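Trainee: As given, the protein sequences belong to chains A and B, one line each in that order. Numbering follows the UniProt record's numbering, in which position 341 of the first sequence is assigned residue number 341; successive positions increment by one, without gaps. Numbering follows the UniProt record's numbering, in which position 93 of the second sequence is assigned residue number 93; successive positions increment by one, without gaps.
Source of the hints: derived by calculation from the structure; they are not laboratory data. The structure displayed is predicted, hence computed values, not measured ones. There may be inaccurate statements among the hints.
Where chains are identical, the list cannot tell them apart; a pair therefore holds if satisfied intra-copy or between any two copies.
Stated by the list, open to error - Calculated lysine to any residue pairs in the SDA-like style (CA-CA distance at most 20 Å, straight line):
no., residue 1, residue 2
1, K232, T265
2, K45, I118
3, K215, G66
4, K232, E262
5, K7, L210
Spelled out, the chains give:
Number of protein chains: 2
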Amino acid sequence: MAQVRNKQVVLRDYVSGFPKESDMDIVEGTIELKVPEGYNDVLLKNLYLSCDPYMVALMRDIGPEGFQNYTPGSPLTGYGVSKVIESGHPNYKKGDLVWGFTKWEEFSLVSPTLLFKIEHTDVPLSYYTGILGMPGMTAYAGFFELGSPKNGENVFVSAASGAVGQLVGQFAKLTGCYVVGSAGSKEKVDLLKNKLGFDEAFNYKEESDLDATLKRYFPEGIDIYFENVGGKTLDAVLLNMRVHGRIPVCGMVSQYNLTQPESVTNLAHIIFKRVLMQGFIVNDFYHLYPKFLEFLLPHIREGKVVYVEDRDEGLENGPAALVGLYSGRNVGKQVLVVARD
Amino acid sequence: MAQVRNKQVVLRDYVSGFPKESDMDIVEGTIELKVPEGYNDVLLKNLYLSCDPYMVALMRDIGPEGFQNYTPGSPLTGYGVSKVIESGHPNYKKGDLVWGFTKWEEFSLVSPTLLFKIEHTDVPLSYYTGILGMPGMTAYAGFFELGSPKNGENVFVSAASGAVGQLVGQFAKLTGCYVVGSAGSKEKVDLLKNKLGFDEAFNYKEESDLDATLKRYFPEGIDIYFENVGGKTLDAVLLNMRVHGRIPVCGMVSQYNLTQPESVTNLAHIIFKRVLMQGFIVNDFYHLYPKFLEFLLPHIREGKVVYVEDRDEGLENGPAALVGLYSGRNVGKQVLVVARD
Ligand SMILES: NC(=O)c1ccc[n+]([C@@H]2O[C@H](COP(=O)([O-])OP(=O)(O)OC[C@H]3O[C@@H](n4cnc5c(N)ncnc54)[C@H](OP(=O)(O)O)[C@@H]3O)[C@@H](O)[C@H]2O)c1
Ligand SMILES: NC(=O)c1ccc[n+]([C@@H]2O[C@H](COP(=O)([O-])OP(=O)(O)OC[C@H]3O[C@@H](n4cnc5c(N)ncnc54)[C@H](OP(=O)(O)O)[C@@H]3O)[C@@H](O)[C@H]2O)c1
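Same shape as in the complex, but just chain A:
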């Protein structure tokens, strides 16, 4: 069978510090659109690729323990929405729509270890990179499973307008909580207050004393801090937690690219306040995916939960989209459109 073009985004070399567009190359490979004899892989046509902050960790020379880092010269891997072109696996057939682990290229041959079949197509397909995909599950597991929210509690979310944060805020409102978000621009703050239903929001870049800011928005303290950024924000939050508060530690995006991480000095406050801080990875919670869909799909259909996406078109724009996460260029979930069907 003939080979077809397969454009890819490959890692040029291991990255230290902040990633740059030039750390990735766009290369034109070729691929035979066929699953090799005897393999139970699936051949995917990639439609939407997800840009996620954790990806920079895999660009390092040494990746986090237990995760496979990228190889220079090979395409990035990541979450995406794809269509099955050919399947060597009994659970998948040609034409199936799936989301899960794929690669940054037009067509990918992958082992379907982390693929979910898409069964509801009355919502935008790209949602499976965000609200109905990994970030959605992350918000759901982190907020409900680790945060154990109760009606009337006070919730603070950082990186609040992003893929995960915007959902945490809406889940908090559905639970009857008071919720405040922080984000990095006026546009994002407006979005939080006017579209995403946050009670309050502020631009952390304009606050010189985060402790005072938090005391203003939370005179009674914070019950749940959904941690997306780390560093200075966390340190100020620790001064403002309530007794028996919870901090689901989802991410610390402000720290991922620093050679010397910022220091946190207020940890001793978790003792008298009996605070629980818990790091988690969404992969440990995918068994909840059916329950999550059952909860969320009706809310989406009724317009009770909304979702903001930031789309870029074409693999060529992948590096810029990815790098943009670390400067806050994205407004909402950063999606890369590779093909529409």
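Put chain B with the ligands on the given structure of chain A with help from the hints.
Mentor: Frame of chain A; chain B with the ligands shown alone:
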């Protein structure tokens, strides 16, 4: 009725930074050995007083939220073992031995809100300031309830020879764990290895690279870190936790007296490693006290759990004993003997 002498240790003035002996005064008050008409307080003769690291937090101008700080000119409060001299409360009668909240003086009139009746006197009475009292319950709740230890896991304990730490290590051994302790002198390290059954122990003051030290003792990483000290030790531990590790945060004694707390920079490691850090206060766990006694008393009687105490005699020596906790002067549980019966 006649007044009798009542020697007291009183706070001279609010303390900032490290407490000094001179921050406390020994004064000779008097007391009428009688519960005032209509009160349901109890009148105690104090036998053993407990010196505990948290006490410095109550010597500050502003104490921790939800806790009553000390008043200059008034005696310190704290845990102790006492004998009931007279009782206005139906649950207590003259001659009862109790442990719980009392004051740093010879006789105290207290409301019995946090008093436990001592029912087993075949063990040293002073044990109720330590292994069978608050520090014992702290080790038990922190290790078993928050640490969720499993046979074969790797446990690290800081301030390991102290009131709480020496028990955590022994509980870890009873659970079939590998346990390493850190302490501040050769004498303490020897105690840990030769008397308290720790698998390994080291003097943290002699280690220039704590990360390397921990990697030496825990080539496979740490499942449970029982946190007593905070600061540098915690920062090195964060680099060495295993996936799904737990950090019961019992105390951070190295930080209590610093005007500028040490910085912790490795918190982001709790995400990929899915680490749980949980601050706790023993007061939330006293409902487990009967279960704790049932578990521990047989082990003490059979000599399977031992306990090291460091005793000072007389209220006059109270300030030095208390202050000594913050320089590691105490070897084992610091007890102040006020009277023997
Ligand atoms: N544990 C898990 O399984 C899991 C899964 C998914 C995501 N996460 C984590 O969740 C967090 C949010 O991810 P997401 O997908 O929702 O990303 P996102 O919020 O859509 O995009 C990243 C955002 O982070 C903010 N940011 C970048 N640098 C920052 C800095 N120095 N200080 C403060 N904010 C900064 C920017 O927003 P501003 O303009 O507001 O600064 C940027 O838009 C990340 O930490 C990510 O690693 C964890
Ligand atoms: N959460 C609760 O409810 C609760 C209850 C009881 C106790 N605690 C906490 O548990 C911890 C241990 O208490 P404990 O009663 O068992 O005290 P302890 O260990 O008997 O006495 C304090 C010990 O701390 C160590 N220390 C002092 N300054 C230090 C420093 N800068 N760096 C490292 N170690 C230092 C010293 O031992 P070395 O010679 O080894 O340095 C000292 O002997 C404390 O943090 C305490 O606040 C918490």
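Trainee: Are the hints correct? Go through all of them and say.
Mentor: A quick look at each hint next to the structure:
Taking identical chains as interchangeable, the C-alpha atoms of K232 and T265 lie at most 20 Å apart whether they share a chain (9 Å) or sit on different chains (11 Å). With identical chains, the CA atoms of K45 and I118 are at most 20 Å apart within one copy only, with a shortest distance of 14 Å there and 73 Å across copies. Taking CA atoms no more than 20 Å apart as the test, K215 paired with G66 passes between copies only; the shortest distance there is 18 Å, against 39 Å inside one copy. Taking the shortest alpha-carbon separations for K232 and E262, both the intra-copy value of 7 Å and the inter-copy value of 15 Å come in at or below 20 Å.
For a Cα distance limit of 20 Å, the shortest separation of K7 from L210 qualifies neither inside one copy, at 45 Å, nor across copies, at 47 Å.
The structure does not agree with numbered hint 5 stated previously, though it agrees with all others.
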